[in-house]
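Q: Each chain is listed here by its residues.
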Amino acid sequence: MKELVDAAQMAWQLVTQSDATLIETVSLSLKVSLLAVACATVVGLSLGALLAVTRFRGRKLIIVTVNALMGLPPVVVGLFVYLMLSRAGPLGNWGLLFTPSAMVIAQVILVTPIICALSRQTLEDLWVEYAEQLRSLGADPGQALRTLLWEGRYSLLTAILAGFGRAIAEVGAVLIVGGNIAHVTRVMTTTIAMETSRGNLALALALGFILILIAMLVNCAVFSLREFRTPRAA
Amino acid sequence: MRPEMLLITPSASETLLPLTCVEVEYRVGEILLLDKISFTLQPGGPSVVLGANGAGKTLLLRVCHGLLPPTAGRVQWGGNFHELKRRQAMVFQRPVLLQRSVAENIDYVLAIHQVPSAQRVKRLRSVLELTGLSGLAGRAARVLSGGEQQRLALARAWVLAPEVLFLDEPTANLDPAATRAVEQLITDIAATGTKIVLSTHDLPQAQRLAAEILFLHRGRLLEHTPAATFFARPQSPAANAFVRGELWW
Amino acid sequence: MRNCLFLALVLLGTLAMTESARAEDSFITLASTTSTQASGFFEYFLPLAQASTGIAVRVIAVGTGQALKIAEKGDADLLLVHDKPGEMKFVNAGFGIDRREVMFNDFVFVGPNTDPAGIRGNSDAAAVLKAIGNQRAPFLSRADDSGTHRAELRLWDAAGIDARAASGTWYKELGAGMGATLNTAAALNSYTLTDRATWLTFQNRGELELLAEGDPRLFNQYSLILVNPRRHPHIKAAAARKFMEYMTSAAGQAAIGRYVVANTVLFTPNYQPENVTR
Numbered sequence: 205m206k207e208l209v210d211a212a213q214m215a216w217q218l219v220t221q222s223d224a225t226l227i228e229t230v231s232l233s234l235k236v237s238l239l240a241v242a243c244a245t246v247v248g249l250s251l252g253a254l255l256a257v258t259r260f261r262g263r264k265l266i267i268v269t270v271n272a273l274m275g276l277p278p279v280v281v282g283l284f285v286y287l288m289l290s291r292a293g294p295l296g297n298w299g300l301l302f303t304p305s306a307m308v309i310a311q312v313i314l315v316t317p318i319i320c321a322l323s324r325q326t327l328e329d330l331w332v333e334y335a336e337q338l339r340s341l342g343a344d345p346g347q348a349l350r351t352l353l354w355e356g357r358y359s360l361l362t363a364i365l366a367g368f369g370r371a372i373a374e375v376g377a378v379l380i381v382g383g384n385i386a387h388v389t390r391v392m393t394t395t396i397a398m399e400t401s402r403g404n405l406a407l408a409l410a411l412g413f414i415l416i417l418i419a420m421l422v423n424c425a426v427f428s429l430r431e432f433r434t435p436r437a438a
Numbered sequence: 005m006r007p008e009m010l011l012i013t014p015s016a017s018e019t020l021l022p023l024t025c026v027e028v029e030y031r032v033g034e035i036l037l038l039d040k041i042s043f044t045l046q047p048g049g050p051s052v053v054l055g056a057n058g059a060g061k062t063l064l065l066r067v068c069h070g071l072l073p074p075t076a077g078r079v080q081w082g083g084n085f086h087e088l089k090r091r092q093a094m095v096f097q098r099p100v101l102l103q104r105s106v107a108e109n110i111d112y113v114l115a116i117h118q119v120p121s122a123q124r125v126k127r128l129r130s131v132l133e134l135t136g137l138s139g140l141a142g143r144a145a146r147v148l149s150g151g152e153q154q155r156l157a158l159a160r161a162w163v164l165a166p167e168v169l170f171l172d173e174p175t176a177n178l179d180p181a182a183t184r185a186v187e188q189l190i191t192d193i194a195a196t197g198t199k200i201v202l203s204t205h206d207l208p209q210a211q212r213l214a215a216e217i218l219f220l221h222r223g224r225l226l227e228h229t230p231a232a233t234f235f236a237r238p239q240s241p242a243a244n245a246f247v248r249g250e251l252w253w
Numbered sequence: 676m677r678n679c680l681f682l683a684l685v686l687l688g689t690l691a692m693t694e695s696a697r698a699e700d701s702f703i704t705l706a707s708t709t710s711t712q713a714s715g716f717f718e719y720f721l722p723l724a725q726a727s728t729g730i731a732v733r734v735i736a737v738g739t740g741q742a743l744k745i746a747e748k749g750d751a752d753l754l755l756v757h758d759k760p761g762e763m764k765f766v767n768a769g770f771g772i773d774r775r776e777v778m779f780n781d782f783v784f785v786g787p788n789t790d791p792a793g794i795r796g797n798s799d800a801a802a803v804l805k806a807i808g809n810q811r812a813p814f815l816s817r818a819d820d821s822g823t824h825r826a827e828l829r830l831w832d833a834a835g836i837d838a839r840a841a842s843g844t845w846y847k848e849l850g851a852g853m854g855a856t857l858n859t860a861a862a863l864n865s866y867t868l869t870d871r872a873t874w875l876t877f878q879n880r881g882e883l884e885l886l887a888e889g890d891p892r893l894f895n896q897y898s899l900i901l902v903n904p905r906r907h908p909h910i911k912a913a914a915a916r917k918f919m920e921y922m923t924s925a926a927g928q929a930a931i932g933r934y935v936v937a938n939t940v941l942f943t944p945n946y947q948p949e950n951v952t953r
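Residue numbers (the numbering used here), protein chains in the order written: chain L, 205 to 438; chain V, 5 to 253; chain U, 676 to 953.
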């Protein structure tokens, strides 16, 4: 209990004093995860839409695979990206290992299946409901798809937020491919893991509180966007 | 009255009507849902496809509208269907309204058909007025009452001033007052020169609206006659029973 | 959709910019152990080294076993590790060159202050482990192929006890870093072997105390090894050598000796030019 109180106080201090290291760590966390989610959104949403509105051989197999990949262990992804980017690996001469780019790559792999699977489900349900109506109104397939993306925007946004939650909270993959290098690849989660290993439990917990705070701020921003845009019934 | 509404002007000689079905069949596996249906629809008052539930009315409208290709036979239009596709529209029994406002639902159709924006505003306003939805323009479509939703669906299908408008059981789920309002709207639309093709199982409604009747029974077209003739002297036993109220569902 | 793409491009741009800005600086990658990081040594020492050499050092802190693997693949320029047998194997296999012994500290036994195995004050490491093994007193092993873990296994051999046969009973193999192992030991009131630096800076001791120390076999030597540039031509050998020169110079050695936590020198400099494996 005492640790919780200590941690809350410490978190408050860190935030109010706008600790320079904290700001650096937080901004790298956000930069890496937002970029990863943006890339994963482009890929995941496209693939999700494709799987939702087309029918081809092997489609169900792909859907099952993508759904299963939502449960990818971050450490396995980290290891895979590490082996790819290692100097001894196939992409070694890119020199990306232990850089923020490597962390983005790992998180894209982690997040894409989540966004893809959730948006596929959303868009497929909408497609069943809308397809004939949109065709009847004269929409071509491209226009119909754009309409579906817009009609399902809040569900899709939730899918993207789920991906962001996974990315910002993940430690296993970024630790392996980033290396937790001070001022270079040290993000919130790897700092928390490191402080825990130093026995600084209160500090680790304080950083955890701040991480939750950031996640809440991002979610609030998205939520207010939605409140603002929805036409009122009355 | 029509010229003002011809936003997308076809070459003067080309019109969609007459619509001709030639031995149209629709088969799902072993089951024949439409059985060698042939008829021709000319410009004029509303044609009502009448029949009990399961007679194939909805399916026939979908095939004519172009949503489903017939498994045999063909649907022929007077003009080039591919060019004039946008000049016929359909309202489903359960129309899907977009999750946006009433005005945006109608404007959506104008937008995807790339109607110039100056005309869009004008057209939108006149359609809202004719359908009595002006006061609801900013309302979210999905919170409207059943009757209002149906009128919106009609407005949306009619906004491009189609030459032919298919209506599938447009009042099936409405109370009497809303039914009357929708029927009045249909009559108004028909008066502008739009050909109405309406399916219903509601005998009194058919009597109120129809200029001619196509009587459908178990996938077969049994009669195609002017309404007055049909109601006075139905030819087939099935139609006879239906008119007497013995063949209801 | 288009907004998303735009956002991605902007973020990618800024990230690429910050990275290229950093790439211009001269930096080397040092694979090292959790003990040196957890003790805060690098936060003290690296700024001094950079002031003197202009070289920034990026530290990847993992177990010695993993550090050697990373270096073997060419993903680090330099090693600072503490497992002489493993280091010699690494150098003899041609993965590394120029091994220099630079500093040492020692391992200590920590355990619950009730000391059920009665090891307090015992300066014979083998006797300590015999007592723990005979009492079947709870003991936590790193079991992560780190320098500390390898040292612990050698000590069990010396004690003549096959502790791993008891794995899962009184002997628990964690597969974790030093800090995580100490956290677990504090929670389970278990004995464990730790390097002194990590212990002194560890904050969450609970009822754990330092109980036994002083055996020469608990000596813990740290060495620098340069990754062989002939095997990995992209290695920044010149910059890494410059850092090695500083760490083994009089100034560097003195700086190591000045790092004090809780009135204790954490790492004692002991570079001797004759203790270099070329």
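Hints were generated in silico from the structure; no laboratory data involved.
Beta carbons are placed, not taken as given, at the ideal position from N, Cα and C, and that holds for glycine.
Please note that a few of the clues may not be correct.
[As the list claims (entries may be wrong)] Straight-line distance between alpha carbons at most 30 Å, and here's what the computed DSBU-like set of lysine-lysine pairs gives:
1. U:Lys805 to U:Lys911
2. L:Lys235 to U:Lys748
3. U:Lys764 to U:Lys911
4. U:Lys847 to U:Lys805
5. L:Lys235 to U:Lys911
6. U:Lys847 to U:Lys759
[To be verified] Label-pair distances were calculated between CB atoms; the ranges are:
7. L:Arg261 to U:Ala841: 44 to 50 Å
8. L:Arg350 to V:Asn177: 29 to 35 Å
9. V:Ser121 to L:Leu361: 37 to 43 Å
10. L:Arg350 to V:Ser121: 14 to 20 Å
11. U:Pro722 to L:Cys424: 34 to 40 Å
12. L:His387 to U:Ala841: 41 to 47 Å
13. L:Arg350 to U:His909: 43 to 49 Å
14. L:Glu228 to U:Arg906: 18 to 24 Å
15. L:Leu361 to U:Ala926: 33 to 39 Å
16. U:Thr859 to L:Leu361: 39 to 45 Å
17. U:Arg795 to L:Cys424: 38 to 44 Å
[Unchecked claim] Partial selection, computed: residues in chain L whose CB lies under 8 Å from chain V:
18. Val219
19. Thr220
20. Gln221
21. Tyr334
22. Glu336
23. Gln337
24. Pro345
Q: Compare the structure with each hint and give your call.
A: Here is what the structure says about each hint:
For a cut-off of 30 Å, the pair hint linking Lys805 of chain U to Lys911 of chain U is broken: about 47 Å separates their Cα positions. Distance restraint check for Lys235 of chain L and Lys748 of chain U: the Cα-Cα separation of roughly 29 Å lies within the 30 Å cut-off, and the hinted pair is therefore satisfied. Taken as a hint, the Lys764 of chain U and Lys911 of chain U pair is honoured in the structure, with Cα atoms around 23 Å apart against an allowance of 30 Å. This hinted pair checks out: Lys847 of chain U and Lys805 of chain U have alpha carbons roughly 16 Å apart, not beyond 30 Å.
Straight-line distance between C-alpha atoms of Lys235 of chain L and Lys911 of chain U comes to about 28 Å, which keeps the hinted pair within the 30 Å bound. Taking the CA atoms of Lys847 of chain U and Lys759 of chain U, the gap is about 25 Å. The hint holds against a cut of 30 Å. Between Arg261 of chain L and Ala841 of chain U the Cβ separation comes to about 55 Å, which falls outside the hinted range of 44 to 50 Å. Between Arg350 of chain L and Asn177 of chain V the CB atoms are about 30 Å apart, so this pair conforms to the stated range of 29 to 35 Å.
One distance hint, 37 to 43 Å for the beta-carbon pair Ser121 of chain V and Leu361 of chain L, is violated here, with the actual separation near 29 Å. Arg350 of chain L and Ser121 of chain V have their C-beta atoms about 19 Å apart, which keeps the hinted 14 to 20 Å range intact. In this structure, Pro722 of chain U and Cys424 of chain L meet the distance hint of 34 to 40 Å, their C-beta atoms being roughly 39 Å apart. One distance hint, 41 to 47 Å for the beta-carbon pair His387 of chain L and Ala841 of chain U, holds here, with the actual separation near 44 Å.
Between Arg350 of chain L and His909 of chain U the CB atoms are about 47 Å apart, so this pair conforms to the stated range of 43 to 49 Å. Separation of Glu228 of chain L from Arg906 of chain U is about 35 Å and departs from the stated range, judged on CB atoms against 18 to 24 Å. A beta carbon spacing of about 57 Å between Leu361 of chain L and Ala926 of chain U contradicts the range 33 to 39 Å that was offered as a hint. In this structure, Thr859 of chain U and Leu361 of chain L meet the distance hint of 39 to 45 Å, their C-beta atoms being roughly 41 Å apart.
In this structure the hint that Arg795 of chain U and Cys424 of chain L lie 38 to 44 Å apart at CB is violated, the actual value being about 55 Å. Look at Val219 of chain L: its Cβ only gets to about 39 Å from chain V, farther than 8 Å, so that hint breaks. Contact between Thr220 of chain L and chain V, as hinted, is not supported at the beta carbon level, the nearest pair being about 43 Å apart and thus beyond 8 Å. Contact between Gln221 of chain L and chain V, as hinted, is not supported at the beta carbon level, the nearest pair being about 46 Å apart and thus beyond 8 Å.
Taken as an interface hint, Tyr334 of chain L checks out: its beta carbon lies about 6 Å from the nearest beta carbon of chain V, inside 8 Å. Because the closest C-beta pair between Glu336 of chain L and chain V is about 6 Å apart, less than 8 Å, the hint holds. Interface restraint check for Gln337 of chain L: the shortest CB-CB distance to chain V comes to about 4 Å, inside 8 Å, so the restraint holds. Hint on Pro345 of chain L is violated. Least Cβ distance to chain V is approximately 12 Å, over the 8 Å limit.
Against the hints set out earlier in the document, violations occur for numbers 1, 7, 9, 14, 15, 17, 18, 19, 20, 24.
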